[in-house]
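Visitor: Protein chains in written order, with the UniProt record's numbering: chain A, 1 to 470; chain B, 1 to 360.
Since the hints were derived computationally from the structure, they do not count as laboratory data. Treat the hints with caution; some may be incorrect.
Mimicking EDC-like on lysine to aspartate or glutamate, the simulated pairs with C-alpha atoms at most 16 Å apart in a straight line are [said to hold, decoys possible]:
1. B:K88 <-> B:E205
2. B:K257 <-> A:E8
3. A:K338 <-> A:E246
4. A:K400 <-> B:D298
5. A:K409 <-> B:D298
6. B:K274 <-> B:D308
7. B:K337 <-> A:E390
8. A:K341 <-> A:E250
9. B:K257 <-> A:D9
10. A:K146 <-> A:D25
11. B:K252 <-> B:D298
12. A:K147 <-> A:E170
13. B:K257 <-> B:E285
14. B:K337 <-> A:E401
15. A:K332 <-> A:E319
16. A:K142 <-> B:E344
17. A:K311 <-> A:E321
18. A:K146 <-> B:E286
19. A:K400 <-> A:E447
20. A:K139 <-> A:E60
21. B:K337 <-> A:E149
22. A:K398 <-> B:E285
23. A:K146 <-> A:E60
24. A:K338 <-> A:E447
25. B:K116 <-> A:D87
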Amino acid sequence: MADNGDDEDHYRIKEGDYVVLKRGDIYKSVQILPKKKVIFEKQWIFLDNVVGCLYGNTFEIRSGGGLQLQNTKTTESPPDSKVAGTDNRNIIDDGKSQKLTKDDIEKLKDQGLKGQEIIQQLIENSATFSNKTEYAQDKYIKKKKKKYENTVTVLRPTCRILAMMYHGREPGKICHLRYDTLAQMLTLANIHANSKVLVFETCAGLVLGSIMERMGGHGTVVQMFPGGGPVRAGVESFGFPAHFYETLHEFPICHLNALEAGILDTFAKAPDAGEKESNMTAEEEDVLPGADPQGDSPEEQRMETVSADDKVQDQKKQEEEKRREAKAQEKKVKQEEKQRKLAAAAARLDGRNADGLVIASRFHPCPVLLRLLRFLSPSRPFVVYSQYLEPLIECYTKLKEQGGAVSLKLTDTWLRHYQVLPNRTHPRLLMSGGGGYLLSGTTVAPEPPAGSTPSEEPAPKRQKLKATEG
Amino acid sequence: MSKNGVKSFELAKRSVWCEAESILVCAVVPDRLMSGCFLKVHPRLFISGFCLFRAVALAMSFVEYSEVIQDSDVAIIYLGHNSVMPVKVQHGAQTQTRYGVIRHSSDLIGQRYGSKVTCSKGGWVYVLHPTPELWTVSLPHRTQILYTTDIATITMMLDLKPGSVVCESGTGSGSLSHAILRTIAPTGHLHTVEFHQQRAEKAAEEFREHRVSHLVTVRNQDVCKDGFGVMGVADAIFLDIPSPWEAVGHAKAALKKHGGRLCSFSPCIEQVQKTAEALTDHGFEEINTLEVLLRVHDVRTVSLPLPDFGPDCSAHPEPDAMEAPPPAPSQTSINIKTTTPPRELPGHTGYLTFATKPRT
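Hey, can you work out the whole structure from these sequences and the hints?
Guide: Following this line, the structure appears as structure tokens:
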């Protein structure tokens, strides 16, 4: 069970891998491609040199954007000066304590000095550094390190890292879903291997990817998607092996009515996204009435008989037509593939026996929840995320009226990070204001129509009106 | 197609048929087939492309759903809001609830999970399939336990997924253990260490009853002295012990050579302080302490009264120029749907300290 040299390869970075670049609290997801320029923290870098290195390695950014593997442990703190002040009564903010000017520092950089060496220069040229308290010195070094250290660490993507990355960089793309809220969703929906999960999300694929990671390629995921096609950018960033995608199915939400009415014709042309395509295919078929794969259409035979003058032009025409024919054929194959996929996803929904439902979108959650809940077996969990509280109140109320769900809970989480240092432990000065809201519950066998469920919510209490002066 | 009108057997037949159709249509072998009712068809049967149906009744487990309650399952009885109890299902046994008696043979066995069960006094309950989350709120406490909010955060921040190898100490009442097992199944393993012999035995017994014992090794030893009993195998470590700093060395040794994640749960900040120092000394990186709390929003309809300001004097002075609507019998109150916080809620559970062990 212990890992030995054999599986070392598993931990090496390969070309084509999706990785996450990290510096401090900054993350960026990229794919390793040869000679590809990547902007990381306003710097152009090339990732060619990381291929063959190990995940978790840290690299120094060289001038020109090349990366060099950092020697292990060059990050020890500068020689401690041991001279420190007791308090800050003699420190005056006059902007004169640093002797080095901006230009001086730029010069040092151009000379190829490393971050560590620049910081040493800054300390030596600071008139007040030795008067600062020991703690203030630490803080000063930490601040300068952040500014001048020029390194990047390459990590393997995980749900934790990507959730923190999206939340830090582009919260708008993931409906401001905070990572701890995502963690709650995965647990509350009991996401695990060998289950069948329905997902409706507009969070760039982050939620879908996280679910797929937790299922480890075992089971079935059906992504219900709005609009023309499913959004999967975030899923790619996880860098899943190909077999994970065999468990993933997609179903356009615009076909839900048809599916539920039992009239979903999976061999018909898709009306939505495929509309343009199918129209074009139709046009092309008009032009080429006998567009059969053999190609010995009457049209070609006719061409044999035309005069020599037109021959060159005809040949051109013929080539053109062949190209179009091939294109049409390709489109047809694609269309068939699409229909095949739709049929496969529909078959998975038809059983109405899904094991979990996760909704996290910019759409009003109420209609989505009520419609998709029908596809779950009884005694299965579901969880709905919304950036706002009110739509979830509506979901809660509707579900209470309708029945079919128990242990409904409307929650959010409060998250606080701490600075932990000897004698300086305290909550971080800033915290996230909110991470969105969740409604979770469990399905139960539908009520026989007659019964009226006793409400868990107490009857509205009349607010006591205090006797006022009137 | 009324769901209620269809006998469960017919439902089963139909859904098996649906799945079979899906195989034929897409010509792939899914790694799990689901049926609408109590029949499960094993995927192996499709491999040759020749379908032979054999119904396999899958039993309840904490890592896989089943459809129908069977003898020796553990079911969760849902009595009402925030009130659940676990029941070991046994032929002939009875369970007393506040709504009356539940007779296992007639009321539970053969019923579908999620069904409503009417008790002897006429009250009714729902019987639910067990999940780690339902277990957390219904398990017998032998120690303080971790709750779902912390568990969810721990699971994500430790990068747990199917196949992960995890070391945990102490086992305690097994609240977190069940959640870990759910996430790392079917290919991972949990090594859990508990220094209290009875607790270790009880946990092992529960793992057997919950049909997850193939995924877990319970050891009765002191993690601070004897470690986890394994070296260089773990992807993640979880510590919930009084002096975690004494176990950091053992934790490092248990983690894989290429690195892994660690989490320590401590209620007191002094413990965090010492643990963070020990983690730094042992070369752990990305040390990060956080606290996560659940805020519950109770949905309420409240009626807000409107004050009476007296007759409206700002109306146009010439009454005949206006339509002169008689002052409508104005509403005296407005009903709104809103949420209220519970009067009291857990304000502290513990600090979660996470760290990464780099490759060594």
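Visitor: Each hint: holds or not?
Guide: Verification of the hints:
For the given pair, K88 of chain B sits about 13 Å from E205 of chain B by alpha-carbon distance, which is consistent with the 16 Å threshold. For a cut-off of 16 Å, the pair hint linking K257 of chain B to E8 of chain A stands: about 10 Å separates their Cα positions. Between K338 of chain A and E246 of chain A the alpha-carbon distance is near 15 Å, which keeps this suggested pair within the 16 Å criterion. For the given pair, K400 of chain A sits about 13 Å from D298 of chain B by alpha-carbon distance, which is consistent with the 16 Å threshold.
The hinted pair formed by K409 of chain A and D298 of chain B meets the criterion: a straight-line CA distance of about 8 Å does not exceed 16 Å. A distance of roughly 62 Å separates the Cα atoms of K274 of chain B and D308 of chain B; the hinted pair therefore is violated under the 16 Å criterion. Between K337 of chain B and E390 of chain A the CA atoms are separated by roughly 9 Å; this keeps the pair inside 16 Å, and the hint holds. Of the pairs offered as hints, the one joining K341 of chain A and E250 of chain A holds, with about 7 Å between alpha carbons and a cut-off of 16 Å not exceeded.
Annotation: proposed proximity of K257 of chain B to D9 of chain A holds, straight-line Cα distance about 13 Å (limit 16 Å). Proximity of K146 of chain A to D25 of chain A is assessed by CA-CA distance (about 10 Å); at most 16 Å being required, the pair is judged to hold. In summary, the hint linking K252 of chain B to D298 of chain B is not supported, as the alpha carbons are separated by about 43 Å, beyond the 16 Å threshold. At roughly 22 Å between alpha-carbon atoms, K147 of chain A and E170 of chain A are farther apart than 16 Å, so this suggested pair is violated.
A hinted pair counts as satisfied when its Cα atoms are at most 16 Å apart, and K257 of chain B with E285 of chain B qualifies at roughly 15 Å. Of the supplied pair hints, the one linking K337 of chain B and E401 of chain A holds, its CA atoms being roughly 14 Å apart against a limit of 16 Å. Between K332 of chain A and E319 of chain A the CA atoms are separated by roughly 20 Å; this puts the pair beyond 16 Å, and the hint is violated. This hinted pair does not check out: K142 of chain A and E344 of chain B have alpha carbons roughly 40 Å apart, beyond 16 Å.
About 15 Å separates the Cα atoms of K311 of chain A and E321 of chain A, which keeps this hinted pair within 16 Å; it holds. For the hint linking K146 of chain A to E286 of chain B, the alpha-carbon distance of about 15 Å falls within 16 Å, and the restraint holds. For the suggested pair K400 of chain A and E447 of chain A, the alpha carbons sit about 12 Å apart, so the restraint of at most 16 Å is met. For the proposed pair K139 of chain A and E60 of chain A, the alpha carbon gap of about 23 Å is over 16 Å, so the pair is violated.
For the proposed pair K337 of chain B and E149 of chain A, the alpha carbon gap of about 53 Å is over 16 Å, so the pair is violated. Between the alpha carbons of K398 of chain A and E285 of chain B the distance comes to roughly 48 Å, so the proposed pair goes past 16 Å and is violated. Only pairs whose Cα atoms come within 16 Å are accepted, and K146 of chain A paired with E60 of chain A is accepted, the gap being roughly 14 Å. This hinted pair does not check out: K338 of chain A and E447 of chain A have alpha carbons roughly 38 Å apart, beyond 16 Å.
Distance hint between K116 of chain B and D87 of chain A is unfulfilled; the C-alpha atoms sit about 70 Å from each other, more than 16 Å.
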